[in-house]
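Protein chains: 2
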Amino acid sequence: MPAPRQVFVAVIGAGGVGRCFISQLTSLATRLSQSTASPTYLSLILLSNSKKTLHSSTYLPLSLSSWESDLESCTTSALSPPEIADYLAAAQAPVILVDNTSNQNIADAYPLFLKKGISVVTPNKKAFSGSYSLWNDIFSAAKNGTGTGLGGFVFHESSVGAGLPVISTLKELVETGDEVTRIEGVFSGTMSFLFNSFMPVGGGGGKFAAEVKKAKELGYTEPDPRDDLNGLDVARKLTILARVVGLEVESATSFPVQSLIPKDLESCKSGDEFMEKLPKFDGDMEKIKEEAAGEGKVVRFVGSIDVGSKKVNVGLKKFDTSHPIAALKGSDNIISFYTKRYGENPLIIQGAGAGGEVTAMGVTGDLTKVIRFL
Amino acid sequence: MPAPRQVFVAVIGAGGVGRCFISQLTSLATRLSQSTASPTYLSLILLSNSKKTLHSSTYLPLSLSSWESDLESCTTSALSPPEIADYLAAAQAPVILVDNTSNQNIADAYPLFLKKGISVVTPNKKAFSGSYSLWNDIFSAAKNGTGTGLGGFVFHESSVGAGLPVISTLKELVETGDEVTRIEGVFSGTMSFLFNSFMPVGGGGGKFAAEVKKAKELGYTEPDPRDDLNGLDVARKLTILARVVGLEVESATSFPVQSLIPKDLESCKSGDEFMEKLPKFDGDMEKIKEEAAGEGKVVRFVGSIDVGSKKVNVGLKKFDTSHPIAALKGSDNIISFYTKRYGENPLIIQGAGAGGEVTAMGVTGDLTKVIRFL
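Quick mapping for you: the protein sequence lines, in order, are chains A and B. According to my numbering, the first sequence is numbered sequentially starting from 1. According to my numbering, the second sequence is numbered sequentially starting from 1.
In short, the hints are calculated from the structure, not lab data. Check before you lean on any hint, since a few could be wrong.
Stretch by stretch, here's where chain B covers chain A in the computed footprint (C-beta under 8 angstroms, at least three residues) [stated by the list, open to error]: (1) 16-30; (2) 155-166; (3) 301-307.
In this text the structure is predicted, and so the values were computed from the model without any measurement. Built from N, CA and C at the ideal position, the CB exists for glycine as well.
Build out the structure end to end from the sequences listed, making use of the hints.
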């Protein structure tokens with residue numbers, strides 16, 4: 001039997017996704033340590049939230065069962081990204097950093113981590129949908145990047161569609177020489193739920209503001225629903241996919257994004273004020289709904305990339321009721337890849353695109369990929 | 001710049017898929033040789049069809065442009081799998097064998113190739129849906145298998161759903177600790193086309209025998225349509241998925257498979273005789289159609305795996321017209337994974353599941369994976 005090898009894992013972010021990830025990491029560590037072919041010992045050597053950082057100067061493994069109370073009683077305030085990078089770079093085994101936050105500061109430090117040989121896996125969209133120069137810095141430093149980089153590996157499957165195999169599939173289409181002509185889909189669980197309720201196939205559905213209220217109450221929106229309705233979350237995901245397919249999109253605000261926040265409500269001071277005033281604008285959305293119904297269609301909030309003309313677009317669009325996008329259920333995502341090889345009928349991937357467990361699954365999947373490459 | 005490395009590729013099978021693969025290999029070889037980070041030289045060192053084998057005793061690269069005429073004028077009769085294994089094992093660079101046939105003899109030799117350190121990538125279903133002992137021999141020899149094997153790598157994405165990311169997705173669900181409860185779908189392009197025409201949503205559709213005739217004329221069936229209608233192709237794919245998810249399915253004939261060949265026509269001597277007599281049995285299929293229509297449903301030919309009860313099933317099933325399986329178009333495949341994490345709405349993958357280009361794409365994708373691991 002080959003000698004077991006040690007791989008260190010560092011986790012930043014211990015919220016919803018972070019908690020699910022640590023639980024999946026626990027099972028994975030048990031399974032990999034028992035592998036007869038190539039036993040691998042995964043040890044958590046750093047765990048950080050926005051306030052505190054758990055770690056030891058001698059890289060002792062942290063407990064995967066009592067991490068919550070350990071973090072609670074920890075007295076070390078949160079290390080900065082450069083401090084974390086120095087700590088991890090000095091470790092005596094390969095290190096994979098798992099960023100389960102949506103923090104821009106940590107995203108900005110990815111090139112630093114990668115250059116120091118630390119691999120990065122993350123659902124954090126900020127790094128890949130921020131400035132194009134950050135994207136370039138990341139992928140020119142990474143070993144699985146675009147240049148001569150010999151640093152760590154980087155994977156971010158869960159940054160689009162959570163655990164759905166969206167980015168890996170798109171990369172494989174590109175790498176095997178297919179010509180991707182168009183990408184279209186519903187990329188937001190919130191928007192999916194909202195429009196599937198607002199205008200279900202077959203008629204019915206409530207007023208728009210009431211549906212937003214319901215979605216918020218059921219936990220399908222951000223604490224402030226404006227963070228979903230402004231379309232930026234979808235725009236970030238489209239930016240990532242467009243860049244994977246080779247388009248040099250400058251940022252998530254460099255193409256048309258339709259916001260569902262009425263102009264007159266852009267100055268609202270709070271989410272509560274916004275929610276209170278939103279019903280006044282139900283008429284506008286009813287008009288859109290009636291127009292679509294008159295054509296035998298439904299309205300959905302989608303993102304699309306036309307690769308040939310390099311056009312990225314986010315906003316409302318009408319679909320025939322027999323279209324797969326119209327038939328979507330609950331808060332599911334759907335992503336259609338139109339390519340030369342697949343012809344008229346696209347390659348479609350569909351399912352839950354948000355939620356702690358499935359997001360963490362994409363991260364854990366990326367982690368297993370890096371472990372195989374190390 | 002790091003020193004370029006050499007990887008050898010050997011190809012068995014130069015028919016429809018083989019031809020598309022060699023074309024994709026040509027582009028991939030050009031791209032990988034120009035990579036600034038890790039230039040890789042891919043050389044084709046053996047090309048074999050059922051009659052002849054092109055290769056040189058000094059492992060000189062074969063031409064990727066004139067291979068057809070070179071094979072035509074070649075005078076070496078086809079080497080046997082053990083002869084090929086000996087030739088490849090003595091090469092001075094890592095070798096990846098690409099089996100683009102559906103030949104059982106070559107499939108039976110995979111353990112031999114793998115043990116000699118030769119990696120195998122293939123769309124050939126025979127190896128993975130044959131006896132369970134062959135499956136075990138393959139995955140205990142492979143480095144990415146289940147045991148202590150230190151041989152070559154093995155990948156077979158295109159053995160189910162062609163280039164659709166079916167096997168890789170299922171493996172990731174399992175590896176990250178999700179609990180797959182059920183798999184259901186349309187796994188045959190032929191059956192998809194046939195039933196989408198025979199009983200389209202919204203009514204209409206021709207008589208069954210006429211639709212089979214049409215499908216044959218359009219090239220959607222095997223030369224002898226009985227090879228599709230007996231359900232064995234779907235049974236083979238289900239066997240593969242059931243084994244990936246951990247069920248010890250003995251073979252593709254060890255669970256219920258509904259054949260669409262009427263009992264009285266099982267003794268037909270030829271495909272032509274079968275096609276001539278099939279219309280006599282249209283009444284049976286019409287009855288099934290009417291029964292489904294009476295319930296507001298459509299009939300489709302599907303495969304399903306119930307993981308908990310370890311039950312695999314292939315045959316006709318009724319679906320609501322709003323079900324994604326009913327809404328399938330053309331000859332598309334659809335595969336739904338029901339899992340604990342994904343809850344009520346499954347993770348769905350849909351698109352063309354047959355055809356030279358998309359099948360070859362799955363093979364080329366597997367090839368790039370092995371190259372990364374080598």
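Here is what the structure says about each hint:
1. 16-30: holds (count 3)
2. 155-166: That given contact holds, which follows from 3 residues of the region 155-166 of chain A lying within Cβ reach (below 8 angstroms) of chain B.
3. 301-307: violated (count 0)
Hint check: a violation occurs at hint 3 only; the rest are consistent with the structure.
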